[in-house]
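Since the structure of chain A is provided, determine the placement of chains B and C on it from the hints.
Residue numbers (the numbering used here), protein chains in the order written: chain A, 1 to 636; chain B, 1 to 319; chain C, 1 to 119.
Incorrect hints may appear among the rest.
[What the hints assert, rightly or not] Short, incomplete list of chain A residues facing chain B, as computed with Cβ under 10 Å:
#1 F445
#2 G593
#3 W598
#4 K603
[Stated by the list, open to error] Restricting the straight-line Cα-Cα distance to at most 20 Å, the calculated cross-link-like pairs of lysine to aspartate or glutamate (EDC-like) are:
#5 C/K24 x A/D615
#6 A/K603 x A/D615
#7 A/K603 x B/E294
#8 C/K107 x A/E451
#9 A/K109 x A/E191
#10 A/K366 x A/E451
#11 A/K603 x C/D112
#12 C/K23 x C/D112
#13 B/K292 x A/D513
#14 C/K28 x A/D615
#15 C/K24 x C/D112
#16 A/K595 x A/D365
#17 C/K28 x C/D92
#18 B/K235 x B/E62
#19 C/K23 x A/D615
#20 A/K366 x A/E455
#21 B/K235 x B/E215
#22 C/K107 x A/E159
#23 C/K23 x C/D113
#24 A/K109 x A/E21
#25 B/K292 x B/E215
#26 A/K372 x A/E451
#27 B/K71 x A/E458
#28 C/K24 x C/D92
#29 B/K292 x B/E175
#30 A/K372 x A/E452
#31 A/K210 x A/E191
#32 A/K109 x A/E455
#33 B/K235 x B/D54
#34 C/K105 x A/E161
#35 C/K105 x A/E159
#36 A/K108 x A/D365
#37 A/K596 x B/E294
#38 A/K595 x B/E294
#39 A/K366 x A/E21
#40 B/K35 x B/D54
Since the hints were made in silico from the structure, they are not lab data.
Glycine residues also receive a C-beta, built at the ideal position from the N, C-alpha and C atoms.
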Amino acid sequence: MMQHYPVLAVMLLFLAAFLVEIFGSKIAAIRNLITFAASTTALVLIYALIPAVMLRGEIISYWMGNWAPVSGYAIGIGYEIDALSLFFALLVVTTFWLSGIYSFGYMKKDHHLGHYYTLYLMLSGSVLGLVMTGDIFNMFVMVEIMTFASVALTAFRNESEGALEAGFKYLVIGSVGSSFTLAGIALLYGECHTLNMAQLSAILSGGLTKNSMMAMGLIIAGFGVKSYIVPFHTPAADAYAVAPTSVSMIFSGMVNKAGVYGMIRMVYIVFRAMDQSSVQMLLAVFGAVTMFVGVTMALTQHEFKRLLAFHSISQIGYVITAISLGSALGLTGGLFHALNHTLFKGLLFLAAGAVLYATGTTNLDKLGGLSKRMPHTTICFLVGAAAISGLPPFNGFASKWIVYQAVYTNAVESGNFLYVIITVTALIVSVMTLASFVKVTQAVFFGQLREEHKEVKEVPAIMLVPMYIMAALCICGGVFYNVVNTYLLAPASAAALNVTNYIDKMMGEGYADAAGVVNILAKPVEFSFWNPIMWLVLFGVVMAAAVLVIVFGENSRGKVLVPTENADPKYATFFSGEEEMFSQVGGSDLFWGFKKNWQGYYKVMQGLHSGIVTDYTTMTVVATAIIVLCCFVFMR
Amino acid sequence: MFTTQTLWNFFYVLIFPGALFTAVVGLFLAGIDRKVIAHMQHRIGPPIRQPMYDFFKLMGKETIVPARANKIVFLGAPVVGFISLAVIMLFIPIMGFTAFSGNADLIVILYLITIGGVALIVGGSSSGSPYAGIGISREMVTMMSYELPFVLVLLAVARKVGGDSLVFSMEAIAEWQAVNGSLAFHWSMIPAALAMLLVIPAEVGMQPFDVAEAETEICEGPLIEYSGAALGMFKLNTAMKMAIMTGLFTSLFFGGFRTGMMWSDVALFVIICMVVTLVCITTIHAVTARLKIEHLFKFFWTFVSGLALASLILAWMGL
Amino acid sequence: MILVNYVASIILIVLGLYTVCTKKNLIKIVLGLGIIDYGVNMLIVSFGFNEGGTAPIYQMSDLLNGVAPHFFVDPVPQALTLTSIVIGACVDAMALSLVIMIHRKYKSVNADDVRRLRG
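The shape of chain A in the complex, shown without the other chains (with noise of 0.2 Å):
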């Protein structure tokens, strides 16, 4: 019966799509109601999967209308999921099923909703069934089926500014990368004659020929479009930016992670090409200037969407270093990253489309003093800041602390200099994007509420139900780091490192052995850096004490004194004894002194961010053709 779920899962909101364009254009309810239906069905038959693939570690296989492979060659279309494959179908059910809850509340003052939820759940479907698929060319229908639905979602306000403009460049980039990945795969196809990857692994395992690594260069790159690593990374900043932010959520929490699970799919599973160093110098590299890039980008936005999308950009940077190191301690901290980018993301977009909902608008300019109008948002923001920062004890600390500390050990253990400069890069990155969310919470949240904006309400319940979920999962992966990395981080890197499992259950058993395959390894990880539970006692007695000090403190000499509403005085802003005037310190006002050392590197970067879809696409084959050059080059 469980091998069902998978496709019944992905069939089920495909086949919802439909029926919301058909039944659910007029009423509301229905749409909803199927849209929910749909999504939930979903949720629950994915995590149903959960005991057995996690815990029991047994892979699921199914062959599309039951064409099992015949002697040896797989021809039907074949569904395998793994607790690789698992891993991401559950970040992609979870992000898309609190993105459809949020989305009923936050995209309710909008028209065509149901062209919106027929595409929302296309591109729910897509995404889970590409993390789920076993066949490489249905990956690939897949992956354009998301670019094409990820397109249409990015123009839907496609009267809003830059809409258009976003999901043409999207479209452009997007199909030239898919069209690398499509010639890869022909590349691949025309040398083993087969789709299926457990089979192409078995036959790539005998070493790769100059043809494959030619395939495998095409697909890195066209996987590296899907997530955006640097320098393809432009039309997402874009896209990220106008989309509604229901959407922009899926983007970060779904749609980029598809194409990281695509990249350790091939080079971990397909090619087996991990422990080669030059593929590790290749991915570490891209990956710390895909972080760099981004954060830096990120620093001088005046837009809080776009802001939060070169984070995104800078994030997975984190996630593409990670696995890059080939190690199962680097695997299981970029998988952990991967989650929890996930979530905090998720839950930044999440607080910046709120932010839109109530005010109307995002620049970092316009706003301020939203703390005192939306305390959720505020707190929820708060907490989602704090995790990508990499704050104890939140959850983005405990994954960013494997990932140095993988990255440190690739370092000491291969005497390569260039690792050490990737982990100072790392932890440099980290500082800025606490730089960066410190902008976004004085310009947005703190400061002086502006006269436009004094009638502004918390927005409504639902769209809270989904960033509290979020905000209370970044907690609980920090502190119970272990409790992930049992059953969810270390059967998914174990997966991505045991070969001969995935091939044997697809192909029958024997099948590896027979071709020779052999695991890289497959040891799993255990780890221990700190113990949050002390932290967080500690942490409850002093609040404890601080909270019972102010409210019994009432009558003694040291109380807390709150304004009321007879303006006294004393409650006033100092302003040099002037008289109290509105002045806010906005995001582009802040860190002066590092934008004065560093404007000769704005300078370039403003000049390669130049909007002009023509210098988007060169960037996009110039990095490719390095890629390939490199994977041609220097590859054994």
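Showing chains B and C alone in chain A's frame:
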């Protein structure tokens, strides 16, 4: 559930070497600093206990929440900062003694110290004052400035001690020094030690790196709207940071001394901390004027980072 | 001569890439995307091609009895190409509709004018 170990943990966290010890040592170091700098400037200066008096006095004063502020964040920030700083000492070996041993203490310490700065930034930001806005901007740039050399120093030490395996553990660093002699006496680590000496005053926010709280131009920056107990907590946090940073320096570069007795170990630790304070906080304070923020950034990313990088490269070459 | 196919498909891909990288007209960029697609499709079809092969339409008994020649054109690449063509057509249609709407909004189809999102 409630074992002796749990009780010991509470003792570690709350009294020694956690909150109380750090606070007392920090306030003591702040007192020494004020006394000595006064003498350097031909003044008599306040008694060494003065920071403690200040703290208790502030705790008994009214705390005014300004009208523009977000009350929860405004009052919560100093407490969060205090909590994160209180646990750092647990990870720093006091000569032979460590309360918690873990695998990756260096990075945990790095991040926990950051929380102290973040608490100041978020608290200042939540007060809604434009002075605080400028103050937090400068505080953040200061943080970005010293983070690079700080990270390089930590990596250099980790490489020097670890050799071909990875060591981020403070306890292992202390053990290594007990066997091989303190790191300050290994010449390849001297540039790193110098860089660290310059990082300390920036981290603590002392002249010439006190741009964020420049009282003569932006009226204490983030602290401008703070009063009473909340202000007292922030002053305490600054003092605790002083103890932690000098303690970290002591443990990283002078961690090789052992007297065999725990109490004399602790005394030795505090004395070395005091000397470090006098060298890197008091003296530098007395002889320099405040930098501009862009110069500060440049200074740390070129000169100080260069020193730290030199050590890292030397350690990398196995020297 | 199968080599001609490979060379031609590579030329098509490179031409398409050249178009998307250098032409400023958005419609030309869409055409470029199409050309890349055709190049890749041609590459895939060529991989399945066997000179002198027949169409792979047999009954199982034909294969077992050896009635059918064992030399036929691989049908899988053709299926892939069909799928890819369909996807390509959809992408082109979508891209062109976006270009139309961009033209309405920006009054231009020059890439240098369509750059409100930058920096």
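**Study point:** Ascending list of hint numbers which this structure does not respect
**Key:** 4, 8, 9, 13, 29, 36, 39
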